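Colleague: Work out the full structure, taking the sequences as your base and the hints as a guide.
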Amino acid sequence: NAGVTQTPKFQVLKTGQSMTLQCAQDMNHNSMYWYRQDPGMGLRLIYYSASEGTTDKGEVPNGYNVSRLNKREFSLRLESAAPSQTSVYFCASTSSGGPDTQYFGPGTRLTVL
Amino acid sequence: DAKTTQPTSMDCAEGRAANLPCNHSTISGNEYVYWYRQIHSQGPQYIIHGLKNNETNEMASLIITEDRKSSTLILPHATLRDTAVYYCIVRAFYGGATNKLIFGTGTLLAVQP
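In order, the protein sequence lines correspond to chains A and B. The numbering used here puts the first residue of the first sequence at 1, with every later residue one more than the last. The numbering used here puts the first residue of the second sequence at 1, with every later residue one more than the last.
Incorrect hints may appear among the rest.
Here are the simulated distance ranges between beta carbons [said to hold, decoys possible]:
| # | chain 1 | residue 1 | chain 2 | residue 2 | range |
| --- | --- | --- | --- | --- | --- |
| 1 | A | Ala82 | B | Ser9 | 25 to 35 Å |
| 2 | A | Pro39 | B | Thr79 | 43 to 53 Å |
| 3 | A | Ala82 | B | Gln42 | 22 to 32 Å |
| 4 | A | Met19 | B | Ser41 | 14 to 24 Å |
| 5 | B | Thr105 | A | Met19 | 21 to 31 Å |
| 6 | B | His40 | A | Asn65 | 24 to 34 Å |
| 7 | A | Glu59 | B | Lys69 | 33 to 43 Å |
| 8 | B | Thr26 | A | Met41 | 18 to 28 Å |
| 9 | A | Pro61 | B | Gly15 | 25 to 35 Å |
| 10 | A | Pro39 | B | Leu80 | 22 to 32 Å |
| 11 | A | Ser51 | B | Thr72 | 32 to 42 Å |
FYI, nobody ran anything at the bench for these hints, they're computed from the structure. From a predicted model like this one, the values you see are computed outputs, not experimental measurements. Even glycine gets a Cβ: it sits at the ideal position worked out from N, Cα and C.
Modeller: Right, dumping it as structure tokens:
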């Protein structure tokens, strides 16, 4: 039981390049989330997926797209990376029903030059 | 979701109890108090949550005042590995739909040897 896994762990992009951050969970959770964390700040929600087949915007969705590929996987795509998207990206998941808790992945450290 | 206020930082001696306060004076009746922590460079980790009653688990205790306007997270015997940023989050239970967490900047707890 690996929990929430994220790939890659580190990535450096040039401005304008695109990339996809991958996230997978093996806990049979319905809901998945993408957060970003800038230095010295708390986490901010980018997008979330309450269940397979649905996605919704969070606090800071501009510049990102997401895909809930299946129940296990939730990917985050940067179509045209900008330096302002330099951050640490965390994926999380939770089961639905009850005041349950979120489980977080180890994060992806992205630098956009 | 109600807003929370936490001290920016706190120190604690190793082996002593760490008491981390949180104010949530605008909390409403259906909102839970959650605590997460984030050890440097890792994803946040769930600690404990409660609604009205005090709660205890293997990691910590949560004391919620009778009026629910504030709470205290207690780590009974702090170790160096407890050095982390601790987030107090207040969130309503939406019945399994969008379990979003709104992170503030948290309290940096530094456990001193």
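Colleague: Are there hints from earlier that the structure breaks, and if so, what are their numbers?
Modeller: 2, 7, 9
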